[in-house]
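Chemist: Listed here are the chains, written in short residue letters.
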Amino acid sequence: QQPVQSPQAVILREGEDAVINCSSSKALYSVHWYRQKHGEAPIFLMILLKGGEQKGHDKISASFNEKKQQSSLYLTASQLSYSGTYFCGTEEDSGGSNYKLTFGKGTLLTVNP
Amino acid sequence: KAGVTQTPRYLIKTRGQQVTLSCSPISGHRSVSWYQQTPGQGLQFLFEYFSETQRNKGNFPGRFSGRQFSNSRSEMNVSTLELGDSALYLCASSLLSTARREKLFFGSGTQLSVL
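Residue numbers (my numbering), protein chains in the order written: chain E, 1 to 113; chain R, 1 to 115.
Read the hints as simulated data drawn from the structure, not as lab findings. The structure displayed is predicted, hence computed values, not measured ones. Glycine is no exception: its CB is placed at the ideal position from the N, C-alpha and C atoms. Where hints are given, some of them may not hold.
Just a few of them, taken from the derived set where beta-carbon distance is under 8 Å, the chain R residues facing chain E [said to hold, decoys possible]:
#, residue
1, Gly16
2, Gln41
3, Gly42
4, Leu43
5, Phe45
6, Asn56
7, Lys103
8, Leu104
9, Phe106
10, Gly107
11, Ser108
Same shape as in the complex, but just chain E:
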């Protein structure tokens, strides 16, 4: 089942902060975050595993709330290079051995000077 991302789009000025949310109705094992710039391949940002992990990557960090099956991506002091579409991918905690990553529809982030 496709996770729901919010907001669909956000416009920032350089230096501002943003939060992108990803939620699922299914119990999750992991949440992945990717960023895709226009005309380019999606690039891996981070993976969070169940257990309520919080990870950071420079000024981009994320959390995973296992109880709510929600993940949030935090972008602080945004830079022009942060512009792009952010996708969360979720893996259900089905206990099976065939792993499938299901992506949300994406959040378009635009950072202006």
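With chain E's structure known, arrange chain R on it following the hints.
Modeler: Showing chain R alone in chain E's frame:
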């Protein structure tokens, strides 16, 4: 190390035709997965191959098929093309599996236009 290579980069076909897309994963990667990307729909999972076996499949009609060769290279085939098949098709490779702790390395995709 070379990245994930997809060919061709662009493709124009007409309704009813069939098409084959190719993906060469990063050397040593054994898992290849395919995604369809359309505006507003995000990345829709098509299927995943590992060691020449299809391990998982998304909710696409049987017109969409794929295979993986012994060198891990993968092909995706779409038969009897429809206008709605116009999309960017992305291939991603990973060392072992599509999810869990494995991060995906995406290719730049094949932009398919069906006229």
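Chemist: Check each numbered hint against the structure and report the violated ones by number, ascending.
Modeler: Result: hint 1 breaks, nothing else.
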